[in-house]
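S.K.: full-length UniProt numbering puts the first residue of the sequence shown at 1, with every later residue one more than the last.
Be aware that one or more of the hints could be misleading.
[Stated by the list, open to error] Straight-line Cα separation of at most 25 Å, SDA-like style, residue types lysine to any residue; simulated pairs:
(1) 100 x 54
(2) 54 x 29
(3) 100 x 6
(4) 54 x 5
(5) 9 x 41
(6) 89 x 28
(7) 100 x 9
(8) 89 x 47
(9) 89 x 76
(10) 30 x 9
(11) 66 x 80
(12) 97 x 10
(13) 10 x 30
(14) 88 x 30
(15) 100 x 21
(16) 10 x 72
(17) 10 x 21
(18) 9 x 62
(19) 54 x 39
(20) 54 x 21
(21) 100 x 83
(22) 89 x 30
(23) 88 x 61
(24) 100 x 61
(25) 54 x 72
(26) 97 x 17
(27) 100 x 24
(28) 100 x 27
(29) 88 x 24
(30) 97 x 28
(31) 9 x 21
[Said to hold, decoys possible] Label pairs and their computed distance ranges (CB to CB):
(32) 47 x 26: 41 to 47 Å
(33) 51 x 28: 32 to 38 Å
(34) 76 x 29: 27 to 33 Å
(35) 77 x 98: 30 to 36 Å
(36) 100 x 6: 32 to 38 Å
If you are wondering where the hints come from, they were derived from the structure by calculation, not from laboratory data.
Owing to the predicted nature of the structure, the values given are computational and were not obtained by experimental measurement.
Glycine included, each C-beta is placed from N, C-alpha and C at the ideal position.
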Amino acid sequence: MTDMYDEPKKYEGNLSPYPHNEITEPGRAKDPVAYLLATEQRARERQVAYETVKLLRQRVIHCYRKEGVNHYENCRQEAQDLFDIITKKDLGQLHPKWEKPEMNDGW
């Protein structure tokens, strides 16, 4: 966590989401390119979920350090926000609508 106090880096571009594409049978995709793009989209969503947890954790740490001994009372909302996210399945990551929900491996 050495970069905790550095200015946050912001991406200036715009990424459009790729449509969801599933494999119909093991090892075969109807459109391999669309399947790989959909996989990339799920990876993006996973990374957004990880970064959200990282930002919430930094907020809690900052609040604890700022408030000192009163952090139990004054940082309750920050801690609750972090707890709510980390207890969700896959850290609250957005998932596509699967045709077969059992095919969803969580990522």
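S.K.: Would you mind marking each hint as holding or not holding in the structure?
M.R.: Status of each hint after checking the structure:
{"no.": "1", "hint": "100 x 54", "result": "violated, 32 Å"}
{"no.": "2", "hint": "54 x 29", "result": "violated, 35 Å"}
{"no.": "3", "hint": "100 x 6", "result": "violated, 44 Å"}
{"no.": "4", "hint": "54 x 5", "result": "holds, 13 Å"}
{"no.": "5", "hint": "9 x 41", "result": "holds, 21 Å"}
{"no.": "6", "hint": "89 x 28", "result": "violated, 28 Å"}
{"no.": "7", "hint": "100 x 9", "result": "violated, 38 Å"}
{"no.": "8", "hint": "89 x 47", "result": "holds, 14 Å"}
{"no.": "9", "hint": "89 x 76", "result": "holds, 22 Å"}
{"no.": "10", "hint": "30 x 9", "result": "violated, 38 Å"}
{"no.": "11", "hint": "66 x 80", "result": "holds, 17 Å"}
{"no.": "12", "hint": "97 x 10", "result": "violated, 29 Å"}
{"no.": "13", "hint": "10 x 30", "result": "violated, 36 Å"}
{"no.": "14", "hint": "88 x 30", "result": "violated, 32 Å"}
{"no.": "15", "hint": "100 x 21", "result": "holds, 12 Å"}
{"no.": "16", "hint": "10 x 72", "result": "violated, 32 Å"}
{"no.": "17", "hint": "10 x 21", "result": "violated, 29 Å"}
{"no.": "18", "hint": "9 x 62", "result": "holds, 18 Å"}
{"no.": "19", "hint": "54 x 39", "result": "holds, 23 Å"}
{"no.": "20", "hint": "54 x 21", "result": "violated, 29 Å"}
{"no.": "21", "hint": "100 x 83", "result": "violated, 30 Å"}
{"no.": "22", "hint": "89 x 30", "result": "violated, 29 Å"}
{"no.": "23", "hint": "88 x 61", "result": "holds, 21 Å"}
{"no.": "24", "hint": "100 x 61", "result": "violated, 41 Å"}
{"no.": "25", "hint": "54 x 72", "result": "holds, 20 Å"}
{"no.": "26", "hint": "97 x 17", "result": "holds, 14 Å"}
{"no.": "27", "hint": "100 x 24", "result": "holds, 10 Å"}
{"no.": "28", "hint": "100 x 27", "result": "holds, 16 Å"}
{"no.": "29", "hint": "88 x 24", "result": "violated, 29 Å"}
{"no.": "30", "hint": "97 x 28", "result": "holds, 19 Å"}
{"no.": "31", "hint": "9 x 21", "result": "violated, 31 Å"}
{"no.": "32", "hint": "47 x 26: 41 to 47 Å", "result": "violated, 27 Å"}
{"no.": "33", "hint": "51 x 28: 32 to 38 Å", "result": "holds, 34 Å"}
{"no.": "34", "hint": "76 x 29: 27 to 33 Å", "result": "violated, 48 Å"}
{"no.": "35", "hint": "77 x 98: 30 to 36 Å", "result": "holds, 34 Å"}
{"no.": "36", "hint": "100 x 6: 32 to 38 Å", "result": "violated, 44 Å"}
Consistency with the previously given hints fails for numbers 1, 2, 3, 6, 7, 10, 12, 13, 14, 16, 17, 20, 21, 22, 24, 29, 31, 32, 34 and 36, ordered from lowest to highest.
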